[in-house]
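Okay, here's what each chain looks like letter by letter:
2 protein chains.
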Amino acid sequence: MFTLNLDTSSKTPLYMQLYSYLREEIKSGNIKNGERLPSKRALSAHLKISMITVETAYAQLMAEGYITSKPGSGFYVECLSEEYIFDNKTQETEKAFDEPSEIIYDFRTNRVDTSVFPFSTWAKLSREVLSERSADLLNACPPQGILSLRVRIAEYLKEFRGMAVDPEQIVIGAGSEYLTGLIIQLLGRDNAYGVENPGYSKIYNIFSAHASRVFPIPMDEKGASADAISGFGINVLHVTPSHHFPLGIVMPVSRRLELLRWADFKEDRYIIEDDYDGEFRYAGRPIPTLQSMDVHEKVIYISTFTKSLAPSMRISYMVLPRSLCRRFTVRLGFYSCTVPVFEQLTLAKFMEKGHYDRHINRMKKIYRQRRDVLCKKISEGRLGDFVKVSGCDAGMHLLLTVENGMNQSELLSSAAREGVKVYGLSEYYSFPVSALQENTVVVGFSGLNTQQLIRGAEALERAWIR
Amino acid sequence: MFTLNLDTSSKTPLYMQLYSYLREEIKSGNIKNGERLPSKRALSAHLKISMITVETAYAQLMAEGYITSKPGSGFYVECLSEEYIFDNKTQETEKAFDEPSEIIYDFRTNRVDTSVFPFSTWAKLSREVLSERSADLLNACPPQGILSLRVRIAEYLKEFRGMAVDPEQIVIGAGSEYLTGLIIQLLGRDNAYGVENPGYSKIYNIFSAHASRVFPIPMDEKGASADAISGFGINVLHVTPSHHFPLGIVMPVSRRLELLRWADFKEDRYIIEDDYDGEFRYAGRPIPTLQSMDVHEKVIYISTFTKSLAPSMRISYMVLPRSLCRRFTVRLGFYSCTVPVFEQLTLAKFMEKGHYDRHINRMKKIYRQRRDVLCKKISEGRLGDFVKVSGCDAGMHLLLTVENGMNQSELLSSAAREGVKVYGLSEYYSFPVSALQENTVVVGFSGLNTQQLIRGAEALERAWIR
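Going down the list, the sequences are from chains S and B.
If you're matching positions, the first sequence starts at 28 in the numbering used here and goes up one per residue.
If you're matching positions, the second sequence starts at 28 in the numbering used here and goes up one per residue.
No lab work stands behind these hints, which were simulated from the structure alone.
Just so you know, not all the hints are guaranteed correct.
A pair counts as met if it fits within one copy or between any two copies, since identical chains are not told apart.
To be verified - Below, a list of computed lysine-lysine pairs in the DSS-like style, where the Cα atoms sit at most 27 Å apart:
1. LYS380 to LYS59
2. LYS403 to LYS59
3. LYS67 to LYS415
4. LYS97 to LYS151
5. LYS67 to LYS380
6. LYS249 to LYS415
7. LYS54 to LYS67
8. LYS403 to LYS391
9. LYS380 to LYS151
Produce the complete structure using the sequences and hints provided.
Okay, here's the thing in structure tokens:
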């Protein structure tokens with residue numbers, strides 16, 4: 028058993044001391060890959076600490092991928108430090124690695140709680156596909172993806188998003204990033220592309236890597252506007268109307284109609300509607316997607332299974348207007364579909380049998396609860412007087428605007444000292460605004476459970492109340 | 028049981044009549060999806076034809092994906108007509124669909140014989156991955172792919188291609204097409220790219236879709252040359268030195284050194300070495316890859332598992348020179364890896380346990396035998412006097428130059444009348460040469476078994492001897 032001296036007089040909580048100790052032992056190889064950790068009961072008895080303390084430390088190690096639990100058997104070391112990172116490796120993530128190890132509550136925005144994923148069902152369907160469809164698994168698939176999956180996606184869009192889509196309009200690809208690249212190839216490198224500013228930095232990077240003219244578009248309280256676009260000569264606009272990233276704006280119908288009118292005005296104008304977390308809507312009336320309001324074949328709709336299933340499943344899809352379907356076949360029909368047939372068949376089965384709907388409903392419930400817990404803790408707690416919560420009607424993140432006299436850098440560093448990582452809004456600007464003038468932080472709530480959210484919010488109280 | 032009237036006096040062979048009948052019944056839905064076909068013995072007795080006739084008809088239906096065989100159980104209808112095509116859907120393939128249904132021997136070049144794939148081993152490893160690595164399957168993976176697979180690939184390249192490669196230099200992606208797009212993003216759209224002419228039309232299309240300056244480079248008998256490149260202002264050259272597509276040239280060492288010297292001459296020059304079928308080399312001394320001869324970090328090497336495993340597995344990789352690794356991380360490190368973790372883990376296991384080496388050796392033996400059978404039948408048979416075979420030292424296709432007074436169109440159409448599809452060399456030129464002046468056809472031998480190859484060659488005798 029381990030020999031560590033827990034310091035009960037330290038400011039660092041016991042579970043954090045235990046977690047740090049175990050993590051270092053795993054990273055250094057003193058606890059070996061595959062080794063079984065002591066049971067929670069045994070370790071709590073040995074160290075004379077509460078079961079809850081051990082449990083919290085183990086939960087954090089699990090969340091970060093250092094250990095896994097095998098039901099009925101115990102906890103085992105999974106030394107993934109070289110092979111894996113914890114989540115989508117964005118620039119954010121790389122930064123996260125350089126930071127002091129004391130970050131306990133990471134309010135990252137792109138985190139998916141995969142612990143709730145019905146993996147045994149997925150594995151069962153995978154096994155069925157392996158045994159039933161062996162011949163198909165070796166054949167190449169049509170460029171747009173296998174028909175049965177496109178049929179399921181069309182059904183899903185009809186039922187849950189009110190969209191009338193023909194499977195022929197759907198193109199399946201290995202992630203929204205890849206599909207965005209395809210769209211640029213489809214529409215042409217020489218267009219002038221507009222992206223939301225602030226926005227998802229990857230989107231700006233993808234456009235920059237493919238096209239020469241990319242313009243970050245300023246936002247008002249309703250999102251991007253036709254006014255804001257004019258003057259740049261933009262003819263293709265990328266937007267996230269269901270839930271803007273990161274501002275959290277749900278674009279009102281009036282603004283949607285305005286953008287559609289803008290697109291209708293010239294033949295070469297298009298709107299790319301990125302519905303990256305459209306499944307998770309908690310408040311207000313559902314607003315139709317731009318795609319379903321579009322009568323002039325001006326909207327290309329993109330959505331992903333990465334947020335709703337797991338980041339490791341690189342499956343996204345786009346819905347092309349009919350006129351662009353023909354162009355796609357002619358110009359890009361030579362590309363093979365980038366998603367393996369195996370994943371496509373398994374996902375088609377998963378959707379067909381209703382597992383996807385159930386999973387989405389379950390995740391929605393979980394994320395809504397997390398959002399509610401966090402909002403309540405902040406609005407009704409000690410932070411309530413000077414912290415404004417916004418952008419939380421949908422999705423997996425919200426914004427906190429903090430009126431305590433601290434600027435963004437101070438908000439981040441004081442939070443870090445309490446073991447909390449939040450993200451400065453200024454980081455999401457393509458042409459950054461000064462962090463000194465900002466006092467808003469972006470807070471993802473999808474990767475932490477309610478207990479962690481409460482403790483994280485408590486840590487923010489310690490950080491921001493002075 | 029079926030009621031069809033076989034016409035023994037017809038020019039159409041009996042197995043072809045049976046095959047056509049069954050295919051139409053399946054396509055029309057008269058024989059339903061999932062239905063079990065009569066056993067070969069029962070059907071031969073019922074129709075009073077030989078077992079071989081039934082067997083050949085069934086084999087053709089299987090090869091085309093209409094039916095599958097379940098060992099010990101029989102043959103079942105897999106109505107994949109809408110959902111599947113038989114192979115990589117290239118422009119070639121789409122054409123193939125419009126053609127008369129009498130094509131029995133399709134000498135397509137991009138066919139992989141998946142019937143030899145050790146699927147039960149793959150399925151077993153897949154199941155192991157599903158049960159052992161469930162947590163990993165839901166986590167995202169590093170942008171370059173999981174480390175364990177990159178380690179296996181580096182080992183493989185060392186042992187079989189004599190290449191000293193660090194796993195850090197390897198980037199895994201969903202197909203060579205995708206990786207080629209990434210390379211263009213990495214090096215920049217504004218470069219002048221050179222592609223081999225004739226060549227693989229997809230490559231030309233990918234460069235055209237991403238970059239503004241793409242120049243098809245004429246070839247001599249050794250491949251592309253520094254002389255041929257000069258004048259275009261090209262600074263990035265894409266080549267297939269191991270086995271040129273479609274000419275079949277294995278680039279001699281002298282030419283390889285010449286191209287490397289060309290690349291060394293200026294800082295922004297690079298060579299993309301596409302080793303698409305480098306595993307399958309049958310004759311002559313092994314020639315080192317450009318990558319392994321490169322001392323100035325000028326070669327980007329691409330290879331794929333699509334040809335060596337199955338088209339449905341979209342797994343390719345590239346090896347970057349060290350200097351470009353840093354640039355990759357900075358410029359493109361934001362992209363998520365496009366291959367699911369599941370496939371990567373399964374393939375890593377497959378390689379680790381030696382299955383991949385064994386499979387490659389087996390396929391090499393099979394393809395070599397097919398090449399030998401076809402070459403012998405043509406060179407030593409009735410076509411020998413006026414057909415020259417070339418480009419067959421490696422790969423999965425060869426060239427036939429036919430001196431019987433027919434031009435390319437006549438060669439193709441006379442072959443088609445005998446139920447054979449071969450491909451005109453002129454089709455592979457970006458700036459096509461006239462089909463009227465060409466008398467060379469491209470013949471893939473990887474998708475037909477030896478019996479089919481012999482019958483196909485016999486049909487070519489009937490077509491081309493007049």
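Do the hints match the structure? See the list:
{"no.": "1", "hint": "LYS380 to LYS59", "result": "between (40 Å within a copy, 22 Å between copies)"}
{"no.": "2", "hint": "LYS403 to LYS59", "result": "neither (42 Å within a copy, 58 Å between copies)"}
{"no.": "3", "hint": "LYS67 to LYS415", "result": "neither (39 Å within a copy, 75 Å between copies)"}
{"no.": "4", "hint": "LYS97 to LYS151", "result": "both (17 Å within a copy, 21 Å between copies)"}
{"no.": "5", "hint": "LYS67 to LYS380", "result": "neither (37 Å within a copy, 36 Å between copies)"}
{"no.": "6", "hint": "LYS249 to LYS415", "result": "within (18 Å within a copy, 70 Å between copies)"}
{"no.": "7", "hint": "LYS54 to LYS67", "result": "within (21 Å within a copy, 61 Å between copies)"}
{"no.": "8", "hint": "LYS403 to LYS391", "result": "within (18 Å within a copy, 66 Å between copies)"}
{"no.": "9", "hint": "LYS380 to LYS151", "result": "both (12 Å within a copy, 25 Å between copies)"}
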